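Taken in sequence, the protein lines are chains L and D. So the first sequence is numbered by the working numbering: it starts at 6 and just counts up by one. So the second sequence is numbered by the working numbering: it starts at 265 and just counts up by one.
You can take every hint at face value.
In silico lysine-lysine, DSBU-like type, Cα no more than 35 Å apart, as pairs:
1) D:K865 - L:K196
2) D:K1048 - D:K334
3) D:K1134 - D:K1152
4) L:K292 - L:K137
5) D:K566 - D:K525
6) D:K1012 - D:K597
7) L:K396 - L:K409
8) L:K137 - D:K865
9) D:K865 - L:K59
Derived from the structure by calculation, the hints contain no laboratory data. Since the structure is predicted, the reported quantities are computational estimates derived from the model, not experimental observations.
Now for the letters of each chain:
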Amino acid sequence: MRSDATLVTDDAGVNFTLGPLIAKGGQGAVYRVEGYPEVAIKLLERPEDLERIKSVRRLPLDGLPVAAPVTLIQGRRSGYTMRLASDMRPLREPYLPSDFGPRETTPRWYSETGGLRRRLAIAANTADVIAKLHGLGLTYVDLNPNNVMVSVDLTRDVTWLIDCDNLTSMSKPKWDVLGFRGYAAPERKRKAPPSTLADAYILGVHVFRMLVLRHPLEGAMADALDGNEARERMDRGDLPYVADRDDDSNRLARGTFGWGIFDLVLSKQVQRLCRQTFSEGRLDPTKRPGSARWREVLFAALNNVIDCPAPCGWSYFRTVKACPSCGTPSGAVALLSVYGGDFEQPLSERDTFVVSQSIDTAVLPRHLWGRFDQHDAVVTLQPTSRGLEIKPQHDVTLTDKSGKVTQRVRLPAPGRVVRLKLEAPGRPARMLALRTMAAS
Amino acid sequence: MCDPPEPDDLEWLQTVASAGTYVVELLQPGTDVVLRVLTFDGIQHWTEPREIGVDDLIVETAQRTNRSLKRSTDVIDWLTETICLAGPEPMAVVVASSGTHDDKNGAFRLVGAGIAMDVKLLDERLVASRIVRYRPRAERRLLLVRGEIRFSDISRTAPLSYMQQQELRQLAEENNAYLAIWDEYNQLELNAAAAAARDIGWAPYDRVSRRADGSWEFELRTHLRSDALRDRIGSETVGLEAGAKVAFDETVDTGRSSTTKVIIGLGRVTRQGTIVITPSADDGDVALPQSGHVAGAFTLDKVRIDRRNRAREAITDGTTVPVRQLATILGDKPPIPVGRRRLHPPMSARVREVLGGQPTPAQLQAIDMAINSPDVALIQGPPGTGKTRVIAAIQARLAEINRGESALARRVLLTSYQHDAVANLVQAADDGTLPPVKLGRQDGREDQSHLAAWTHDLIKRLERRHATSHSGDILRAQRELADRTDYYLNVNPNVTETVELLGWIERHVDLVDAGIAVDAGRAARRLTYELGAAGARVHQERILALARRLRTTAAGYEDDGADTARAAFTTQSFHDTLDGEQRRNLEAAARGDLSIDEAIKSMAAIRDSVIDRVLDSRARAGFVSRFPEVDAILQRARNEAQRQVDLQVTSVDRVVAGFRDVVERQPAAVHDSIMAHTRALAATCQQSVSGSMRDVQSVPFDTVIVDEAARANPLDLMIPLALASGRAILVGDHRQLPQLLDETIAPKISARHDSVVVRNVLSRSLFERLFTKLQDAERRDGQKRVITLDRQYRMHPVLGTFINQQFYAPYGEHVTNGFSDEARFAHGLTRYSGAACGWLDVPPESGPEVRAGSSFSRPAEATVIVNELKDALEENHDLTFGVVTFYKGQAAAIWREMREAGLADRDETLNSSYPALWSSRGLPRVRIGTVDAFQGREFDVVFLSTTRSRRSGSRQRPQFGFLVLPNRLCVAMSRQRRLLVAVGDSSMYSTDEAREALPALHAFFELTGGEHGLRRRP
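With the rest of the complex left out, here is chain L (with noise of 0.2 Å):
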């Protein structure tokens, strides 16, 4: 029987072996366990942080895709166990540059961990699970890419939270974390308490450095500062957002990787919440958009990313006419929007997102009722030499102006639509577009 110092025992009294370390920072480590492929074990570097940990234990988090605690570990060494599947590594490795030593920041590095549209669905998921804390009332933190879990696959994104260590209820803030440098909202500098806004700010700065491979503020100005000052300016708000519409003080320079990048990666509807962010709400927090926002709009930029024809491993948006990495040209793409109403009066657009014509496409609660919380495919459309298969769930049922069933459609010429009316039980019926936007 071991009793090495890889051993620990939980307050159920169940004995772990630790296995490597996944993640450390300033309060413990992360380590998987040996022989239990789904748990890993967090030991605190302060025991009296065990306390907060219990409060947090107590949480209503079953369902989320959040790595809280399961049981507790006290004794000689004190921590708590945790939910992770084991194909999971943390977000820092492959997607951030030079904050961890240095890192080539180039079209094909970017394209290689995933491209465009891996780093907008971890940046949805991200998003998705911020809001769903915070509509439970409480706040994360410390969000920053040592506790963002991602798929070691490339072509999955599942994400996870972990460290949940600071997850605070806003009736009864826990101030003592000001967050990850690089990754604070500037009021908390200030001593202000953390709250979903300033989590809102630290969401943004995630999303933007995913994206775009820089801090929000990390412009001309801040490389003309010393390192650490430039930080440390950065963390406090001091500097102008990079892309700020008044002062351009702080621009990315001319011919940097992400001046270069920057209107492929950002949505129009990202650039607004950026600026909302970093220019107007970057020191007053009530100007910012919530988590739920964040949400919309990276799912809503995530639906339009297409691939490059050719295979060069680009994803960009479907706006963009040709492959920004080889030039390829855009072909017809498959648009499906979704509405309220019905034939006769269709009502404002919900959702427009690319119809794939190479893979499955799943039509999600989502887009049809903005349901972030069920991820089953309400309709799957497979694509056919000819058009789409229609595979709806069992009582769901699609059909056309006629009022028949439809199992398969062609896909409509430029400028027409075919429309459809999706209806499913206990929920607001809704209307599917199917468009082509012809090649440029």
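Put chain D on the given structure of chain L with help from the hints.
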């Protein structure tokens, strides 16, 4: 040029050089020059090159001096290098004849580097007769020979010269009627199998799936052939196979698929029109192609016949010494000279032990002949002469002789014509050291039963060692504790298993001491209690929701604090999770009896405590796992158990226990290790060349021993013979049953050739033929290759003498009685008083013989036999009984009668609940069947049902049918130790016609009228 040599050497060199007669050879050029200097006293000129033969004995001697010489060709090279002097002209050195050697008889001694070789003239050729170490001495006078000396390989393993190969080929192609007819038989067998497969036909499939029962289902493509195949099969079950190709028709286009995977078994058509094949062998996880062909089964026949053909080729090519000799002798040519070789004494303490006593002279001679055989030996073993023991002794003696060499190089193949016979052989040849390993599949299963039994016996022997001792108990308990703990530590057991383990420890107070046992019991009860409290998931959700709803702020509590408290209080499962104080507080809150300050404090406490408890128990149930408390108890229990073992058990017992552990728990390791080290492998003739055999034995066998060799089809027999590099030993008896024949093929051959010749060839075994031919060869080269074991220990001397007179003496083979003491064979059955032989007469009027299909039966005899048998079984509980007949129909009739009498079940098995049928060790005391199933078996008493009966009133000549074959009679009449009773129509066998047609049965009838006989009409 280089340093001068040592002063002594220098002085000697100067003397030699001044004398003028010396030869110098530069052995090691370079900075340190080594010179070989031989002085000589004269010179001889040999005008003709002289060729010196090197035989097995010289090869062996050379190999002993120089281990790196693996083959005979290596030895030749080495001798050439050592003895011949390298120089511009060929030279060598011989010892000047001292008068004892005279040149006329051609003897001389060659001198080389460190060795000398004696050469003499033998049969007009020069042969090396020995090699010895040689040191030059001054007084030896040497002669320098100018002339070429060549060494030639005349050892048995020498590569064949072109001439020799041609000779062998010619031999094979010459009109050898015997083998030619067998070749034809073989071809016809193949044709018949192909025709049968073609009759079924083939069809393409394009989908295959594995069904739950292990069978395969094939969807046939829409095709004319598919319909034809379904029609042909109809509602029958036929032999089918499936794979990429059609085995019986190579012209079928199989596309690009190159897989040779195939499954073979019985197939049928389903109602859906698919074909289902149940594989006859466990096919593992064979990957069949998704499209291919279903066809009539043919692959197995093809494999069988291909194996025979390859063996035939090996014999034609003379690949090994034994087959070369065999081909020569069968071709009536003078045997290839065997040369000299090292001979080993046949007797050893081990041989005596295996034989269970001193061997008879013939047994000893048989062992001698076999272990020293240069090529082929044949041992005839009449009934009861100890044939299998001799095989075991040969095997044991060979293992002894070759002890120092690798198992692979000196391995023995034990083989026979059938799986049963091989299994018997394996059992007999197991001399108690490492068991022989049988390879090959029977009915699709690897037969490891002997090996398993051997391992089992070994464990039992080890167990017996400490079965009843206290030491044994404590070791067993310790081992069980170790097993259980290892399991616990490795498997992350669930809670039930953990509780069970703790319970076990609690019960073993003697092993672990009372303190540990008590702790284990306590831990078990605690775990049971805590996990009982965990409850179901739905309850947990409900409790959590209620707990979270409790108000813990003043404002919230004022709002609906009492209501939420009441909801929690009135829910039983919630209530159950609380302790006494919490219950009181919650109740008070529910009634509104608490002040707000008190309330929010106690509600917060209740909420946290309830949530924590639920989460803990959920986690416990979720992580199936180990508990440190349990770990600690296990560690203590193990330590204590070890202490007890150290205190109470001797070190010898401990080592034995460790060995036992390995044998019992690592069967694969034991199997592999035995495989690698066993001196004998066993397989049927056909499976001697199977893939698994080739995996284990990559080189030819040193010795091949074929048991029951007379019963093997000659073509099958050649398969193992072609595997012998050293010697092939055939054991059998051509006076007993011959090979099995496909009855449909013989007529086809007869139609083309002289039917008498054909019958003669097909009814005679290769063994019998070799028996004669090898005796001929012995007359030519004096090498003994055949022996008959001539002393029988099985039968009562009267019966032994009878068998000898009837079946062996007429052919000049004599079998005498090993035991002359008749009392030894007493059976004590009152109905047969002191007789050794008897005839129970069942006259024609008792009942006629009747046809039973193509066979015969006579129910009247069956009734008599079963009555006699039943009484005898009851009277004596030790004797064993055989009931033999020549007819399948009669065997069935006897089984029917057995069933009537309550002695057998419906499926021709003995009634397991009839005690008299079973020995005290649980073995059956009775065996019933036709004579074919009786060879190699023995019983105390045998009833022989003669079955055929003269039809009463008929004037026809009696029909004896099958009985006429003396081989079958010989087997049928030689199975008993004490008493042979014929049951049948005596009027049929006492006539003069019977004396002509069936002398043996006639003579037996006569014998029953004599001093040791008994005749009775039941």
